[in-house]
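**Q** This is what each chain is made of:
There are 2 protein chains.
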Amino acid sequence: MQSEAKFIYNYKIYLENEGMPLFTNRLYFDTSDAKKTQILWDKISAQYSSKAVGYYDLPDSGEKLLLDIEAWREGLKNLQNVVVIGVGGSSLGAKALYSMLFHEKKSGTPNLRFLENIDPITIKKTLHDIGLEDSLFLLVSKSGTTLDTISIAKIVMVHFGIFPNDKNFANHFAAVTDEGSALDKFANEYGLKSFFIPKNVGGRFSVLSAAGVVPLTLCGIDTVKLLQGGAKCKEDFFARKLDTLLEKALIYTTKGAQNINVLFSYSDIFREFNAWYVQLWAESLGKKRGDERVGLTPVGLIGAIDQHSFLQLIMEGPKDKSVTFIRVEKMADDTPIPDLSLKYIEKADIKTGISAATLLNEQALATIKSIVNEGVLTDEITLERADAFCAGYLIYYFELLTSLCGLSLEIDAYGQPGVEIGKKILLDKLKR
Amino acid sequence: MQSEAKFIYNYKIYLENEGMPLFTNRLYFDTSDAKKTQILWDKISAQYSSKAVGYYDLPDSGEKLLLDIEAWREGLKNLQNVVVIGVGGSSLGAKALYSMLFHEKKSGTPNLRFLENIDPITIKKTLHDIGLEDSLFLLVSKSGTTLDTISIAKIVMVHFGIFPNDKNFANHFAAVTDEGSALDKFANEYGLKSFFIPKNVGGRFSVLSAAGVVPLTLCGIDTVKLLQGGAKCKEDFFARKLDTLLEKALIYTTKGAQNINVLFSYSDIFREFNAWYVQLWAESLGKKRGDERVGLTPVGLIGAIDQHSFLQLIMEGPKDKSVTFIRVEKMADDTPIPDLSLKYIEKADIKTGISAATLLNEQALATIKSIVNEGVLTDEITLERADAFCAGYLIYYFELLTSLCGLSLEIDAYGQPGVEIGKKILLDKLKR
Chain A
1 MQSEAKFIYN YKIYLENEGM PLFTNRLYFD TSDAKKTQIL WDKISAQYSS KAVGYYDLPD
61 SGEKLLLDIE AWREGLKNLQ NVVVIGVGGS SLGAKALYSM LFHEKKSGTP NLRFLENIDP
121 ITIKKTLHDI GLEDSLFLLV SKSGTTLDTI SIAKIVMVHF GIFPNDKNFA NHFAAVTDEG
181 SALDKFANEY GLKSFFIPKN VGGRFSVLSA AGVVPLTLCG IDTVKLLQGG AKCKEDFFAR
241 KLDTLLEKAL IYTTKGAQNI NVLFSYSDIF REFNAWYVQL WAESLGKKRG DERVGLTPVG
301 LIGAIDQHSF LQLIMEGPKD KSVTFIRVEK MADDTPIPDL SLKYIEKADI KTGISAATLL
361 NEQALATIKS IVNEGVLTDE ITLERADAFC AGYLIYYFEL LTSLCGLSLE IDAYGQPGVE
421 IGKKILLDKL KR
Chain B
1 MQSEAKFIYN YKIYLENEGM PLFTNRLYFD TSDAKKTQIL WDKISAQYSS KAVGYYDLPD
61 SGEKLLLDIE AWREGLKNLQ NVVVIGVGGS SLGAKALYSM LFHEKKSGTP NLRFLENIDP
121 ITIKKTLHDI GLEDSLFLLV SKSGTTLDTI SIAKIVMVHF GIFPNDKNFA NHFAAVTDEG
181 SALDKFANEY GLKSFFIPKN VGGRFSVLSA AGVVPLTLCG IDTVKLLQGG AKCKEDFFAR
241 KLDTLLEKAL IYTTKGAQNI NVLFSYSDIF REFNAWYVQL WAESLGKKRG DERVGLTPVG
301 LIGAIDQHSF LQLIMEGPKD KSVTFIRVEK MADDTPIPDL SLKYIEKADI KTGISAATLL
361 NEQALATIKS IVNEGVLTDE ITLERADAFC AGYLIYYFEL LTSLCGLSLE IDAYGQPGVE
421 IGKKILLDKL KR
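Each protein sequence line maps, in turn, to chains A and B. In terms of my numbering, the first sequence opens at residue 1 and continues consecutively. In terms of my numbering, the second sequence opens at residue 1 and continues consecutively.
Check the hints yourself; a few may be wrong.
[Stated by the list, open to error] Not everything, but these chain B residues come out facing chain A in the computed CB check (under 7 Å):
no.	residue
1	Leu-65
2	Phe-186
3	Arg-293
4	His-308
5	Gln-312
6	Thr-335
7	Lys-343
8	Lys-347
9	Leu-426
[Said to hold, decoys possible] Derived pair list, reagent style PhoX-like, types lysine-lysine, alpha-carbon separation capped at 20 Å:
no.	chain 1	residue 1	chain 2	residue 2
10	A	Lys-241	A	Lys-35
11	B	Lys-429	A	Lys-288
12	A	Lys-424	B	Lys-429
13	B	Lys-319	A	Lys-347
14	A	Lys-64	A	Lys-193
15	B	Lys-429	A	Lys-369
16	A	Lys-64	A	Lys-199
[Claimed, not checked] Output of the computed footprint for chain B on chain A, the stretches with three or more beta carbons under 8 Å from beta carbons of chain B:
no.	segment
17	132–146
18	177–187
19	240–248
20	395–407
Hints in this document: simulated from the structure, not taken from any laboratory. It should be emphasised that the depicted structure is a prediction, and the values quoted were computed from it without experimental measurement. All C-beta atoms in this analysis are idealised placements derived from N, C-alpha and C, irrespective of residue type, glycine included.
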């Protein structure tokens, strides 16, 4: 057993409400470099003011969207299933939030499902589980021509025998896309409802736009609170200069520092959130800068499970990793660990009165302590509750962190030029 | 568009059957170094002969286990749910294979579920979905005292009001553990059926032992074929010296080479297999070697979905990654992409007669081509079918590759000393 860690720490509570900190971020390191922090702050302030990057303002522009969804929802009768047909930025955000907030979903609202992959096994299974009458298919694609998405939509149409000219087509299909896209024109032609993603909002930054808000609202997630959480994070950062974010971005992008950034999220509800983070981070920060290849590699882990997996590599492997822990102070559905002692297995007995959530949190804290002891770059995000408000804050926090890392690395965080080559090879081969 | 890649390639089919290659591994690189290959071969041959590492022989020792399971199964009436309570090596293997082979599960067999995490939300949801009468809880733990596993078991007992002294306890609980462990003694005391994991088989290498074979057999997976696949890989390697494996291990463990090893698996059925690979790789190969920290970092991706995510980082980010593609030539439940053209979205039209599986495979091939063009270290595994035989082969292939990398790095691939510190911190705090 090593000696107690000396925590070099930088403790901030930047949101207080109901007397409790709703979102806490502890950095177990100290990086304060006032000059560099100021330069990065100036860069993001300039980007924000330029209005070239649209996601910054999404939390404030939700009111009209929410009214539009509510009005449209009135006409959707007996809806049991909303199926998002979309991939990448068009599905990951909604999936992340639906999984994270499923336990507080309004009762009696439809199930949210996803058709993301042109995988015959998944498609068959999903279509087998639903009927047409009570299902709505939401085609989500910024460009409106994503090959996988449109191909899956065609399979769905043939499976249920419903086609654009049919009079009930608009009861079962709707679109979320860029205004004026091919999909928007298609929607107009056949009378489908369509919602727009602002043109200056990239797919992976679009979860607080119609791409996430439409399916989540339909399926009983409190998107009003979600957007309020995003707005609060925006305010904390842009109006109060939340310096933990600036400091994290600076240390992550220091040359020769940890280039693998692990998100260790304690609860199964974060599994899809991790996947959202992986896309956001990898696709935004893996870029050529002139002749140089730069990038930070994201890894998503779930605690306590992955203490029995990847943790060994963090503890004893190369020091090329930072780790951000996410944990929830007050978990839903908490249950006590019974005060039972099983004969011969007394070694696994613990103190009376510990709940499952407490044990999960204590596992996180013990793991934090052990890796800080090893000198691994570590920070900890604690949500008071896994609710829509905290989720919105968390989403916006990671979007900001991504933008800050991109600015610090002097790359364009908002394009994805590297994936076009494979698409071209594919289309050259399969084009009709 | 870059010019056509020059494929430096090393094409091997090492299993032929029914006139088709069932398992193909193409290396898009050339590393032949006869001397190093021979040294590594000698090392693994010595380890194999020593019998210190038990997983090598698991595929040959399944017959007795399978008979034992069959005999016991007779007495389990009306079984609808088998719930594995276990974590890490005690759950990931069974989960990987159940997901990969679900489409060929025998009909009328129980569902396989997992309680891996001391997460109150997941536990509540799982227990809500099942009843006691038709459920069997399989406690899987090598040591028999894993804190999470035993705590979850206690919650299950209290939830259903069933305890060790009850006369029907042995109808609903069974154990998979090391012979003589605390859990084995508990099982003996209360008349539970128990199966043993050989002492010289580590948890993350245990999927072809009782840890995987018991739940999979009960739930309708063809474990006879699974073990045959493993045995075939064993034979191909140890009797025929499968040199792609030796060459891959050598190039992965060359100093200064790619230290992030991406597994890019094309089909949703591989999601849990990726998680199994991540544990196997990270926990086996992240080790201190004297004062030096060594290790290879695994990343699991799903195609075609993650072409819209992590691919950008592979294409343009630092050249610190190798990529292994897995794809399935003939997929179950294949479906044609309808020969429909949607007005305004004609850009997404493809040739007539392409199926979903073909499009998925063509996406894999286009992606392989584009990353080989970028000079990324790439290889490709093609399964003719995703069946139990190929799955067994695949499992054994990755176990061998892990052992070879461990031997080449001169570390002990079979322990996990780094995770003990956190466990001790936790127990010091929570011990009764």
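**Q** Of the numbered hints stated previously, which ones are contradicted by the structure, given in increasing order?
**A** The structure conflicts with hints 1, 11, 12, 13, 19 and 20, although it agrees with all the remaining ones.
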